[in-house]
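Engineer: Read off the chains here:
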Amino acid sequence: MTLLTIDKDHWTQGLAAAADHYRLFGPVKEKDQHQFKALEKGRLPDLDLVNTRLSPKDLVFPQSEIMLTYSLDESREDHHIMKEAHTDHAPRAVVGMRPCDARAIQLVKLNFDTPDVKDPYWLKAYEATTFIGMACDTPLSTCFCTSAGCGPYNAEGLDILMMDRGETYLAKIFTEKGKAFADTAGWNQATPEAAEAFVAAKEAAEAKMVSTISTDNLADTDLLDLHGAPFWDDIAFACLNCGTCTFTCPTCWCFDIQDEVQGKSGVRMKNWDSCMFPIFTVHTTGHNPRDTKTQRVRQRFMHKLKYFVDKYQTGIMCVGCGRCVRQCPVNIDIRRVCELMNSFKPADACVAQG
Amino acid sequence: MSGYTEKMREIAGRLLGDCSVQMVIGFRKGTLPMMNEPCFVTNPEQVPSLVWDSNCGINLANYLTNRKEKIAVFAKGCDSRNIVNHIVENKIKRDQLHIVGVPCTGMIDKRKITGMVNGEILETTETEDTIKVRTAEAETLFDKREVLQQNCALCIHRNPVIFDEMVADPVAEQTDIDRYADVRKIEEMDSKEKWQFFDDLLSPCIRCYACRNACPLCYCPTCFVDESKPQWVGKGQDPIDVRTFHFLRAYHCAGRCTDCGACQRACPVGIDMRLLTRKLEKDCQEQFGWEAGLSLDQRPALDVYQTNDPGDFIK
Ligand code: SF4
Ligand code: SF4
Ligand code: SF4
Ligand code: SF4
Ligand code: SF4
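So the protein sequences, as listed, match chains A and B. Per the numbering used here, the first sequence runs over residues 444 to 797. Per the numbering used here, the second sequence runs over residues 6 to 320.
Extracted from the complex, chain B is given alone in its bound form (with noise of 0.2 Å):
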């Protein structure tokens, strides 16, 4: 996947060289081992800041809301059905945007790698498998599956499911992989464990937000949780508060998360919320036989009413 850069500069540069486009969002290189930046291009001189690697986790569709300029983006497969959710919602236009599609063999995970190493980590370097980590004292090579982050690990969309051009050709989708294996652990908890779980998960939580802020789902203009004419949740530590941050954000994602772990990989403390939204997710699936962004011509599954919706909830 890192030999992609070359291709993705190529193409940068022919888009922005054609004024077929006034902007490519990408990545350029991080100043720290395992992080790329998010970044634009405007003109092809700054078209080599480009790269991709297995640190491009960040989800590019968040920058895309309420753009006017005519964009080329690289998608992974979960940003790709995440543009789809932006344009099913009218938060762009489908002619705005030049889609280049990359085939994605998974993100590394960042904090992970870190606990598997003793020592500061100074160099990360990849190849298609293999992920090498240099500290001051040592070298340690990972096979990048052991090392994935778990939404990655648990991916089916590898895939763009839209695009207008792609990187590279498609690669193999990942079959056979159960997706819920801890969702249904919890399912199957009393509700005193299950509160004993929940207050244990989200107890590290800052509210700094950033998992709400690197999500393209959440674009309210105003967040529920920023509302101050009427406040609808207190601003402090208080665990409840937190709570109520937490579910009332993951409804708002139901029917709409394509998992793409952007939420988890900002989180400062390593919080792993998306086990919120896969639950809604697997319920999606389970009551609608619906997954998101796959498709431009439909509903999505809470923007819709049919008959035979199941309707058990309603006593």
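Isolated chain A (complex conformation) (with noise of 0.2 Å):
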């Protein structure tokens, strides 16, 4: 690991040489939001900010992308035959993210590159890409990243991570992509301050987080009992199968492949996909094994608080960004949610009468 100062004058001429090699990617104000957007040349990520509405998982995995094309043309010498679509994979950087967001990628990484699958589209966009992390000072009283296995400093995931010193940026890179992208830049001052800004640093932000998660009985706790808790239906009354906490979840996984034909040239393309639409599960029988609200609100709380921490034993699927929560439009928080299954006790089976 090496730790760099980058003084903001050097940062801004930084990111114009690194432009020249590199698409760069950024949180931008746009109306009265930030959100992750390709940076024209010239325009700099604006680091001021809280969590974006939206995570920048669509760098990696966008909401639509076309996968396949073909045409349905039969002059053609190649119709009905499907060409992969060109997707620019150039060397890119996303500046500016936040340690929940970095985390999260990796826990997604679980399920997109495995040792039997390995998700092409997802991969070849992670693998050109560069994440710059940016230390967050400031938590919202919704966020619980350090008791969902992550933190305001949180490296994981991260080719780069920074920190905002007032006149300076203090960085640190992991890897050798962080490297080459510093390197293009021309980021090379090696630091006076010693590596403990970063410890006070991140005492102080964790400091400040005021929301807490408990998580310790999910593993043990039995599946069945949980899937079986009477909470489900008081849980999901209010829910309007929107599916905007999976849509802005930097976790949420979850696509369909859809055909989209126009005349006569067509498309294959992956749309996000969501636990909470009624047709998420449906069979091509026309069978739904998740038809009612409550089974699909179930669904949702279920696979990140349970079955992802039964499967993967690295904790629950959620980095404690709080956007679920923020952004639902009938308030149904995750935080309440894994208090009532973390805490669930199923009740003792019948006891004989003695």
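Rather than coming from a laboratory, the hints here were simulated on the basis of the structure. Glycine included, every Cβ here is placed at the ideal spot set by N, Cα and C. Wrong hints could be hidden among the right ones.
[Said to hold, decoys possible] Simulated coverage check for chain A against chain B, where a stretch passes if three residues somewhere in it have a Cβ under 8 Å from a Cβ of chain B: (1) 575–588; (2) 608–621; (3) 672–683; (4) 698–709; (5) 770–780.
Make the complex out of the two chains shown on their own, each in a separate frame, by following the hints.
Structural biologist: Here it is in structure tokens:
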């Protein structure tokens, strides 16, 4: 690991230099909200932000992505033959992402990059990207990253982690990818400051976190007991099945594959899907095993807080970014659900009266 | 209006206690400032969780669709009109409902208030006419009328149109309200400007369908955007597909929308899709003299044919 100081003028120049070799993405303010976007030449990421409304997951996992193209024009020799769509996988960098979003990509990677299955669309985008994080000194009241296996200075999944020191940024470089980006940007000024600066700032940021959850009992509670717990109707009642929680969530990974044809040319595309949507699991027979709202809401929370926990043993499938809490139109709060699940004790089996 | 809570708990306790209803649908306090969560209670012990204040903007008629129980529901003016729709459209029976009318002075617009202060809002407190907002740095006091949801600022049916009992005496209805100033502005645009306008309006849409799902009018078992055999609309982010969704949904709401604002309130990206439904509301008024959800005895505008219906569009 290398530690650098980057003064803010040099930061701007460095990004301009890097832009010749990388496509840059970063948060920009549009209307009232920050959003991750491709930065046109000369535009700087706006790092003075709280958590963005949507996470930057779409940089590796776009909401709609064309996978294959084909033609139905029988006069063409290649009609009805699927061809890989052209996607630009030139080097790119996302500048200023939050530690929670970076860790989220690592959790999602467990699904897209397994010993048996490698999703080429996700992986090519992932591999082309350098992840440059900005530590978070202003957690929101809805952030609970420290109790979700993450934290405002968490470096997991980042090639570079920076912190704001007023006049300068302090940067930790963890990987070859990160070093290559810093070299391209010309950031090479070793810092006189010790790594302790990070430690102190991390402690200060963590001390500002007001929101926590407990997850310690989730792994040991029986799966079917939790599935059959009595609280699901109550949790699900208000839910609109709108999917906002899953679309804004950096760790939700479900997608659907669709063919769309216009005239004689067609594409096969991948679109975000959501367990909240009524047709999410409809079988080709027409049977829907998750036909009711309660079943769908239960799927979301069981997936994040139980199935994932059991399957991967890396903690919950949530990084505590709080987006679903802030954006849910009817205030269904994962922290409250987690509390109910974590403290759930199945009723004792009927004890014979003595 | 925050004074209603005690009375509501009393009513809910009585109705559950003497088994007149099996469930009461209302709101419980949210975990975030300016948020309450629709909820149901089925026994008197849970009654103290019910609350009421200016953050109860989601339309509770939405939670009645196809329910089988005997239900008590708290209903603001707009909720009551959607309940009328529900009864007229056979989504619930009148005798299944005990409607507790809530005279309403308007719901506050969370997004608007958030835009008016710096920093994260940690707490709000309200009186009859004011909303106090606290951030880490400062407290700001707003006149409630300045921070109402737009549909509430424009509302001319604040009192329930149908009820079995009332939580409080009726409030004064607003008069001299021009409901359609912004719609007229759009009507005056030429087609190129209109296209641009709707393009801008709908471009942030992420197609989550919160607007559709928050709306009591949207209860089709399978929505046309979800239908896949055959598929009506593409599922991606193509702008034509996004517009198709919005325009078609708005038409489904013609003569049925009560401008309750639940759709706009639920939208995570703050789109004012009510501009579409209010245009249709205006047309229904101008062409058929029709306002939605005011009476159980009248069939909806698009449900009947009258010899004096305007027919200029048939050439
Ligand atoms: S955001 Fe809220 S209402 Fe929408 S699907 Fe998620 S939990 Fe349900
Ligand atoms: S579940 Fe909610 S809090 Fe957790 S990572 Fe997803 S959006 Fe963030
Ligand atoms: S099943 Fe639901 S919770 Fe799980 S990843 Fe898919 S959309 Fe997210
Ligand atoms: S379209 Fe919107 S304003 Fe109209 S009834 Fe539905 S939710 Fe209410
Ligand atoms: S709620 Fe908003 S973002 Fe979601 S589909 Fe409706 S308009 Fe689009």
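Engineer: Evaluate each hint against the coordinates.
Structural biologist: Hints, one by one, checked against the model:
no.: 1; hint: 575–588; in the structure: holds (count 3)
no.: 2; hint: 608–621; in the structure: violated (count 0)
no.: 3; hint: 672–683; in the structure: holds (count 4)
no.: 4; hint: 698–709; in the structure: holds (count 3)
no.: 5; hint: 770–780; in the structure: holds (count 8)
Checked against the numbered hints given earlier, this structure breaks only hint 2.
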